[in-house]
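Protein chains: 6
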Amino acid sequence: MSIVVRTPRRTDKSTVDALGEFGVSTIHEAQGRTGLLAPALRPIYSGARIAGTAVTVSVPPADNWMIHVAVEQCQDGDVLVVAPTSPSEAGYFGELLATSLAARGVRGLVIDAGCRDVAELQRMGFPVWARHICAFGTVKETLGDVNVGVVCGGQWIEPGDVVVADDDGVVVVQRRRAAQVLEASRAREEREAVLRERYARGELGLDVNSMRERLAQRGLTYVDQAPDE
Amino acid sequence: MSIVVRTPRRTDKSTVDALGEFGVSTIHEAQGRTGLLAPALRPIYSGARIAGTAVTVSVPPADNWMIHVAVEQCQDGDVLVVAPTSPSEAGYFGELLATSLAARGVRGLVIDAGCRDVAELQRMGFPVWARHICAFGTVKETLGDVNVGVVCGGQWIEPGDVVVADDDGVVVVQRRRAAQVLEASRAREEREAVLRERYARGELGLDVNSMRERLAQRGLTYVDQAPDE
Amino acid sequence: MSIVVRTPRRTDKSTVDALGEFGVSTIHEAQGRTGLLAPALRPIYSGARIAGTAVTVSVPPADNWMIHVAVEQCQDGDVLVVAPTSPSEAGYFGELLATSLAARGVRGLVIDAGCRDVAELQRMGFPVWARHICAFGTVKETLGDVNVGVVCGGQWIEPGDVVVADDDGVVVVQRRRAAQVLEASRAREEREAVLRERYARGELGLDVNSMRERLAQRGLTYVDQAPDE
Amino acid sequence: MSIVVRTPRRTDKSTVDALGEFGVSTIHEAQGRTGLLAPALRPIYSGARIAGTAVTVSVPPADNWMIHVAVEQCQDGDVLVVAPTSPSEAGYFGELLATSLAARGVRGLVIDAGCRDVAELQRMGFPVWARHICAFGTVKETLGDVNVGVVCGGQWIEPGDVVVADDDGVVVVQRRRAAQVLEASRAREEREAVLRERYARGELGLDVNSMRERLAQRGLTYVDQAPDE
Amino acid sequence: MSIVVRTPRRTDKSTVDALGEFGVSTIHEAQGRTGLLAPALRPIYSGARIAGTAVTVSVPPADNWMIHVAVEQCQDGDVLVVAPTSPSEAGYFGELLATSLAARGVRGLVIDAGCRDVAELQRMGFPVWARHICAFGTVKETLGDVNVGVVCGGQWIEPGDVVVADDDGVVVVQRRRAAQVLEASRAREEREAVLRERYARGELGLDVNSMRERLAQRGLTYVDQAPDE
Amino acid sequence: MSIVVRTPRRTDKSTVDALGEFGVSTIHEAQGRTGLLAPALRPIYSGARIAGTAVTVSVPPADNWMIHVAVEQCQDGDVLVVAPTSPSEAGYFGELLATSLAARGVRGLVIDAGCRDVAELQRMGFPVWARHICAFGTVKETLGDVNVGVVCGGQWIEPGDVVVADDDGVVVVQRRRAAQVLEASRAREEREAVLRERYARGELGLDVNSMRERLAQRGLTYVDQAPDE
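Taken in sequence, the protein lines are chains G, H, Z, A, F and L. When you line the first sequence up against our numbering, it's residues 520 to 748, in that order. When you line the second sequence up against our numbering, it's residues 520 to 748, in that order. When you line the third sequence up against our numbering, it's residues 520 to 748, in that order. When you line the fourth sequence up against our numbering, it's residues 520 to 748, in that order. When you line the fifth sequence up against our numbering, it's residues 520 to 748, in that order. When you line the sixth sequence up against our numbering, it's residues 520 to 748, in that order.
Hints are computed from structural coordinates only; laboratory data are not their basis. Bear in mind that the values here come from a model prediction, so they are computed numbers and not experimental data. Glycine residues also receive a C-beta, built at the ideal position from the N, C-alpha and C atoms. The hints are all genuine.
Distance condition first, Cα-Cα at most 20 Å in a straight line; then the derived EDC-like pairs of lysine to aspartate or glutamate: (1) 659/A x 732/L; (2) 659/A x 726/L; (3) 659/G x 726/H; (4) 659/H x 660/L; (5) 659/Z x 711/G; (6) 659/L x 732/F; (7) 659/F x 726/A; (8) 659/G x 722/H; (9) 659/G x 732/H; (10) 532/L x 677/L; (11) 532/F x 677/F; (12) 659/F x 722/A; (13) 659/Z x 722/G; (14) 659/H x 722/Z.
Coverage of chain A stretches by chain L, computed from C-beta distances (three or more under 8 Å per stretch; other residues unrestricted): (15) 524-531; (16) 577-588; (17) 613-619; (18) 628-640; (19) 648-655.
Just chain G, same shape as in the assembly (with noise of 0.2 Å):
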């Protein structure tokens, strides 16, 4: 059976915009090095950074028929989430369906498939995460699901979590820790400015981390030529 769950619970919007402050890499970090999608989405152009929660599309390899289906669902601050239930290049998505998205608030696209219209899409500055750029087109003849869990780039995503992207790749942080994530991204970009000036001064990652001392016990031997020269 193919469903459409209309009202899935959505992330709060001042929780979500905040976390759009961090970029990916440190929200990855925040959260225990967890939620990245596998790097082989990439943006299909660069400089983009988005955050928005997430409405979800399971679609058959080939077949864009539910992501009509899902505009409908969408809304000011979300972020399409598509993941196809096997592999492929597909071009599912182009300036077209972009239009549509763009016309509802929509802040991007991340799709584990193929996209194309990609010099239209990159003019509209409608952001877009993608394994493929492709322009080989779907049909309209099976039945998926939106706003189910999905398995987009290896993370299970569900309707409603928050999804951040840049050059990076793509991040997601599971409504429920959404707080909390966004807490330790203080938190670590906060550590990171003061490294960031340390290290411009020309201090070292040795001594502002004491490693020295941990790298000695682990048997770190320093000469002063290479063994067999």
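Since the structure of chain G is already known, use the hints to place chains H, Z, A, F and L on it.
Relative to chain G, chains H, Z, A, F and L alone:
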């Protein structure tokens, strides 16, 4: 036996130029979802769109001798199409060959292998769609063929066919079908212009394309909560 | 045993800087088509070209501890070269380490693994050639080696060798051969300048390189129609 | 926080064993074409078929410490399911761990990473489905989790779910759906037995499945010569 | 428009069977190193060798409807050749279709996509060369073509061409060239039989093929110690 | 300049043969997790294990001329190691060359490229570890080197080093370290024999290796229900 066909029939230039007004995705759809080259052939820089008549070259792995032979067969409005007889990452093509082709009015290169000097090619404005960017050099030892049918990016291309390439990839249109595909591309573009406007106003694909009834017949079900929540 | 070699012999800086005037493709050809790293190591942003002396790091999979150790061994004019002992997509390197390296005058990073913070690195102007862009974090648990010979991108690199990188990829020049390769690069560049001018005027490679006779001897045949038309 | 869940609910053993009578392809179809793991997970030797209840392990890249922890949680009839938090080719598993699992009645291993000692595993008759065969060793430094939901081969697997694996690949059946999928598998197998007999007698799928009319409606056309011959 | 060509011209059966006496490598060489399909198409079990006349099928991604249509066009001595219009890992083919083909005397399948039921196919002795082994099911919604030219594994194959497949891969011989390639294969095999015997006696290729002089001319140099030892 | 080094120092044969008693995984661990070739180099048939002294060959892409040169440098107990200067799928090696090598007592081939005639090689019992199985032929036009250091499968191999290969892959042991690695392999094997016996009796790795305390210190927590059930 290695041959060079000197006078292939080329698609009429006005048809070629008119096809160049449309994007790869549009043309691919307009000819019934055929002719798209493998999406692994990517532009070496973004923003270019070309259409031209194919001069085809079948080359041995890591040997670019026949490209020199092919240059002489190129004329204004052509696109050079290079396919190795077995996969090769080697850099068959660079700035010098591009200079030679540009001097003859060639519009670009499509190569199912490697390309190098990409910074210089971008500076020259000579667009290339390639499977690899790779500086590894080639030899000049073994013959191949010019202007015979080749498989490039998984598509059969004959000399004189139309090749259109943009940021979405590369599509080939057979010479015999070019006029008809041009017509179909125009029709498709007009339909899309109407859709674009309606989507921008907030209308849904579900309504614009009257999908709701067929979706219901197939069994699509709307719920307000996920089944197991 | 894990070792850090503190004082590797480095290639003379004037030679390094002079090599940096040439592109990767030229140098690779000039040294007899050797030394090119796997083309899968791509620049994280386009337009950079660097030349520097290698400081090499052998790292465990998903563990960047030794990069912190290596920073201290770097000096003005170096390029950091990082090779994992088994393949890893992890993001070993980001903005903080780049800040530290930049403060020491390091010219860039070549890494046969993942890099993150790519937007920040582009903003800083710190160029990186990497196999992956990936935010996945690393641990600091296991030792490796600094300034020993490593295989990076399929090439053997020793500390003090010259590493040149641009949009075409990365090439290594052995310290002992650097002066001779510089000479050969200059000679090649001069020959190419002449060819470029002749090609731009419309002369053909077939004539400029006197290829016609050898092609005919090998059996190349010109026809006006394809054999089966 | 790293956790080990000691007492996950397991699918009823009689259901598991009954599912093991059917192949992966049958079960995958019977549950609506869902649950199939990525086909890159291949058996290390051919001819094995297993069904068991999942004990799941989330492991860091190139670190197999948690597999030792997981062994203790395994019981007769289980299948160990191992997923790294980021891609790893390392050989997490070999003969010694297999000896330990076999002593507990574990039926096999599914791992989205590398396996080694494959000759010994085949000799022991301990079947493994792995993404890689790779001898590269792992460390024991970083924690993970046992018996939490994991994404393995692109599918979400919870502890206690049924895992069926054969030469076609691996499929997961959710614990809640196991009885219903068993029923559907039986029904499908019966239908296929009838088809098999009819096909063996020379009847055509076109007739047995009454496809001719629908094909004609869609526009399928029979000709005696190709259009352009 | 989707078409089925009912009566393609087939290569003469005695020529096909005679070609089947030679391996793929021999035939590929005998026809001038052409016609080899991509090596990613591997036998699903080792030890089979077939030769037959191609019945070709162009199929949409993840849709095997047209294979049912194609079965009816197959006759004794054919090999079914299936190529998707865009890449697909789906399992288009399994035991039931093989039963149907075997009942008609078809010798095997070559498919540039996925195959399933591999254990059953091996038991039946129905050989398949496929790009993927994958249980993922297909739909029956979209038409394609039967007995038109297709690109399969990067080679252009026309109905009636000879397809030879063994553990080395798959090669296609054009119908028109079959007799001539048979002759060349025989000649090559005879030459190789002589070489085999001489090599087995310890003679060197350097002498048997008189390579020493040409190697010396090219500059090959023998030394007793490596240059830098 | 292309060179052939005629008299490399080879590892002592008794050491080589003794190393051949151990598997690749054991030796790789015994030398500190180094020396493993890329796992993409797979045996063309399973069940073989060899150890021998490397005769190395650096070959151009798709050109096997230098293998003929190398045969003459091989002697009883050697393993031929072939590395292309840029990636190539071509079938450099087949039955004829194997016949020649077998006549000289060579134990097998390791090649970071393609191999063909795999059915014949299995029949002969001549084992090969290759990156590709591919019938595509090679030319004899360009020189390379014999018995110089090469990068093969990502590892640096010098002539005379020990190469051990089995179903797990290929490992290289440097000539200078061979005796010491043999010692360490024996020690490791003895420890593993004890472990194997204890595991077979049902003892746990957690206890045998005293892991429980360190796991607890790191924060491993046991629960009876998953946190969110």
